[in-house]
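K.L.:
Hey, can you work out the whole structure from these sequences and the hints?
If you're matching them up, the sequences are chains Y and L in order.
Heads up: the first sequence begins at 939 in the numbering used here, then just goes up one per residue.
Heads up: the second sequence begins at 89 in the numbering used here, then just goes up one per residue.
Since the hints were made in silico from the structure, they are not lab data.
Treat the hints with caution; some may be incorrect.
What the hints assert, rightly or not - Here are the simulated lysine-lysine pairs, DSS-like style, with alpha carbons at most 25 Å apart:
1. L:K205 x Y:K979
2. Y:K979 x L:K204
3. Y:K979 x L:K116
4. Y:K1020 x L:K113
5. Y:K1020 x L:K116
Below, each chain spelled out in residue letters.
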Amino acid sequence: MTVQNLIDDFSLEVLCGGADAAQKEVTGGYCGDLLSWVMSKAQEGDCWLTVMGNVNSIGVAVMTDVACILLTENAAFDEDAKLRAEQNGVIVLRSSENAFDLAVKIAEKL
Amino acid sequence: MDEIIRQHYDVDGSDFTRAGEASGKIKKTLKDIGFTPEAVRKTAIAVYEAEINLVIHAGGGEIDVEITPEHVRIVLTDHGPGIENVELAMQEGYSTAPDRIRALGFGAGMGLPNIKKYTDEMDIQTELGVGTVMTLKINA
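P.N.:
Listed below in C-alpha cells is the structure:
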C-alpha cells in the first residue's frame, strides 16, 4: 500500500509532505520514541509510529528512509520540524489513536 | 569513481535544530556516487549519531570525510570535555545526556553502541579537558 492509501484508509491528518511523498510504498511498520533505538531498528519503507514530533525525528526519518512519520495520539509537531521535513521531502501524518491501535489496523492492511 | 572525494563540515554546537545536516549531505553524496544501500544506511546512522554527540556533549566540532571506491572514512574532532570512561560509554543504556536532551528523544545510551554496530572500524582517542577524535570507516 502507498502512504496515500494509508491517509485515505485511516483518515489521517497530513501535517507536511507533498503528492510525491504520498506515493511512497509502505512495506512495514515500526513503533518507538527513543530516536537512537528507532534509527537502529526501523527499516526503509516502514510507517513509523511515534509521539516525537521534533526536528530530530525528521533527521531519523531521513537517515532510515522510512516511508512516513505517523504521529500518534495527536502529538505535537513543532515548526522547526515542519521546516526540516519540507526541506527533506518527509511526509508527516497524525492521528488521535494510540500506537497500539493504529499498528494493529495498519498491519491488517499490509 | 576514481578520484578521492573529500568533504569538511563544521558542526554548530549551539543549534540542536541543525544537527543532522552534515550527515544528510554525506548520505546524499554516497547515494549519488553509487555506494550500496547497505553501506549508505550504515554510514548515515553512524554519522548521525556521532554528529548528535558533538552537539549534545562537545559544543560542536568538525567532520572530515574521505570517500574512495573502497570505503568512506569519517573523522569527527571536538574540543569538548572528553569521555571519562570509554568502556562504560560503549555499553548500551549508559548515558550522561541531560534531561532536556532525553526529552527530545536522545540520551538512551545507544549512540556509541550504534556507531560501533554500523561501522567496520571505529577508533576513539579522547583526553579529559582536551577533546575527542573519533575515526569511523565503512567499507563500500
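K.L.:
Indicate, hint by hint, whether the structure satisfies it.
P.N.:
Comparing the hints with the structure gives:
1. L:K205 x Y:K979: 12 Å, holds
2. Y:K979 x L:K204: 15 Å, holds
3. Y:K979 x L:K116: Holds - the C-alpha atoms of K116 of chain L and K979 of chain Y are around 21 Å apart, at most 25 Å.
4. Y:K1020 x L:K113: 19 Å, holds
5. Y:K1020 x L:K116: With a Cα-Cα distance of about 20 Å, the restraint between K1020 of chain Y and K116 of chain L holds, given a limit of 25 Å.
Checked against the numbered hints given earlier, this structure breaks none of them.
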